[in-house]
Amino acid sequence: MRQPATRLQVSGHRFLMRRMTHALVRGDARMLDDPLRAQSLSLTAGALLVAAGVAVCAVIAAFRPAADIGDASVVVVRETGTFYVRVDDTLHPVSNLASARLITGSSEPPRVVSQSAVDAQKRGASMGIPAAPQNLSSSPAAESALVCDEGGRTTAIVGAPVPAVTVPQQALLVTPRGANPALTYLLNSGHKARVDLRHPAVVRALRLDGVAALPISQAVLAALPEAPAIEAPRIPDRGAPGPGPLREHPVGTVVAVSDAQFVVLRGGLQRIGEVAADLIRYTDGRASATVPVVPPDILGTVPVVDSLPVTTYPEHAGTRRARVVCARWLPRTDDAGAQSAVVVTDTTPPPGAALAQADGDGPAVDAVALSGGALLVRSVALGGSDSNGEAGPLFLLSDSGVLFGVENADAARRLGFSLPGSPIPWVFLAGLPRGPELSVRAASVGRDVILAGP
7 MRQPATRLQV SGHRFLMRRM THALVRGDAR MLDDPLRAQS LSLTAGALLV AAGVAVCAVI
67 AAFRPAADIG DASVVVVRET GTFYVRVDDT LHPVSNLASA RLITGSSEPP RVVSQSAVDA
127 QKRGASMGIP AAPQNLSSSP AAESALVCDE GGRTTAIVGA PVPAVTVPQQ ALLVTPRGAN
187 PALTYLLNSG HKARVDLRHP AVVRALRLDG VAALPISQAV LAALPEAPAI EAPRIPDRGA
247 PGPGPLREHP VGTVVAVSDA QFVVLRGGLQ RIGEVAADLI RYTDGRASAT VPVVPPDILG
307 TVPVVDSLPV TTYPEHAGTR RARVVCARWL PRTDDAGAQS AVVVTDTTPP PGAALAQADG
367 DGPAVDAVAL SGGALLVRSV ALGGSDSNGE AGPLFLLSDS GVLFGVENAD AARRLGFSLP
427 GSPIPWVFLA GLPRGPELSV RAASVGRDVI LAGP
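Under our numbering, the letters of the sequence shown match residues 7 to 460, in that order.
It is possible that some hints are incorrect.
[Unchecked claim] Under the rule of at most 16 Å between Cα atoms (straight-line distance), these lysine to aspartate or glutamate pairs were calculated in the EDC-like manner:
(1) Lys128 x Asp94
(2) Lys128 x Asp95
(3) Lys128 x Asp77
[To be verified] Estimated spans, in silico, between C-beta atoms of each pair:
(4) Leu336 x Gly411: 20 to 28 Å
(5) Phe21 x Gly52: 21 to 29 Å
(6) Asp94 x Gly52: 47 to 55 Å
(7) Asp454 x Leu55: 49 to 57 Å
(8) Pro439 x Asp94: 32 to 40 Å
(9) Ser143 x Gln176: 41 to 49 Å
(10) Pro187 x Asn414: 41 to 49 Å
(11) Gly158 x Asp215: 25 to 33 Å
(12) Gln345 x Leu425: 21 to 29 Å
Since the hints were made in silico from the structure, they are not lab data. Each residue gets a CB set at the ideal place from its N, CA and C atoms; glycine is no exception.
Please work from the sequences and hints to get the whole structure.
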């Protein structure tokens, strides 16, 4: 029985075989070098590298196969980013994603394909709306709208996080920047009211001696509802005897009941604030140096009326200044109507997207701050029953701050937005740059040449 070969015997046998191979191939058995072994190692390494490459290609093919157009209605070329839409059996290049969605009615993400896949299809003329938005990612619904002025920079804030703001306890005396300096307004309780500083009684009643008006953006003023001008109210039958137990106090007399002030009118008493009381007294030649006091039980015998238009006058005199002044609007809730307010802050507003129309201290809006992508909005009135936006026109506010009209609800759905849209008063939107209307009809127009805008 043969004995098994040892390890040394096997190694020696292999060495002798290599030496014989050298002798036959190279005619030299000395084996000063071993090129045949290097060739064998190179062949083995190359085979392993090829096998690894094949494995990598197999993995890529499994997880990222070559995209086929198939039945996709919207595709985008991987190499160029060009969009195409399928109309019948023809691919048409389109200007942007908004046009593609309007044409196809599909808000599904476009399929990414290669240029060769597109070249293999039947091609048609270009379609779409030039300058329509490309980014259609949706922002959260806007819960408020603000227009802020900070030293000449005007920023519209729609849906974006707002700085910490407060409602000032005192009114603000302002003048529209770039307008006639004699045009002045008092901002108070969410309104603006004209103030004539040439009238001494108005200046004294509001304590405006030596107060300089703060220049403010016209866009901020436009976003506030206007109240009646602050002036001495015209009182009918002024000087006639007062009603009932007030006959000793002529109509137009300011009287005090406890801590409150009232004005005597033909039909009764009307409660007024400090500013209105001073305006009436400063324009009444018969007014005494002190306000007459009447007993509280008078209120139980004389009607309390509300006929003088002074309810929007400031309750107390005095003004303040602020670094940042904003007009804010909140939509109507179940238990409260839409609210406009003047708010101030010492915090710089969010920078937002800078606009090409920016003019610094001019009348235009300089920047728009959103919470992310585009926002579907519905134009509404500053107040009233439609302030939640059920019937106003639709607009798309792009992430770049451009406002696009949306033809109807169907077009909004095609673009991938849900209705009814965030209600925003038109006065907050009017100062934004306008883009073309987004409609199915306009997007479906074929174009041989797309002309560049100015």
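Tested hints:
A hinted pair counts as satisfied when its Cα atoms are at most 16 Å apart, and Lys128 with Asp94 qualifies at roughly 10 Å. Distance restraint check for Lys128 and Asp95: the Cα-Cα separation of roughly 7 Å lies within the 16 Å cut-off, and the hinted pair is therefore satisfied. In summary, the hint linking Lys128 to Asp77 is supported, as the alpha carbons are separated by about 14 Å, within the 16 Å threshold. Roughly 25 Å separates the CB atoms of Leu336 and Gly411, a value that falls within the hinted 20 to 28 Å.
Separation of Phe21 from Gly52 is about 26 Å and conforms to the stated range, judged on CB atoms against 21 to 29 Å. Checked against the hint of 47 to 55 Å, the C-beta distance between Asp94 and Gly52 comes to roughly 52 Å, which is consistent with it. Roughly 52 Å separates the CB atoms of Asp454 and Leu55, a value that falls within the hinted 49 to 57 Å. Look at Pro439 against Asp94: about 36 Å separates their beta carbons, and that is inside 32 to 40 Å.
Checked against the hint of 41 to 49 Å, the pair Ser143 and Gln176 passes, with Cβ atoms roughly 42 Å apart. Between Pro187 and Asn414 the C-beta distance comes to about 46 Å, which sits within the given range of 41 to 49 Å. Judged by the Cβ atoms, the range 25 to 33 Å given for Gly158 and Asp215 holds: they are separated by roughly 27 Å. Hint check: Gln345 to Leu425, Cβ distance near 24 Å, so the stated range 21 to 29 Å holds.
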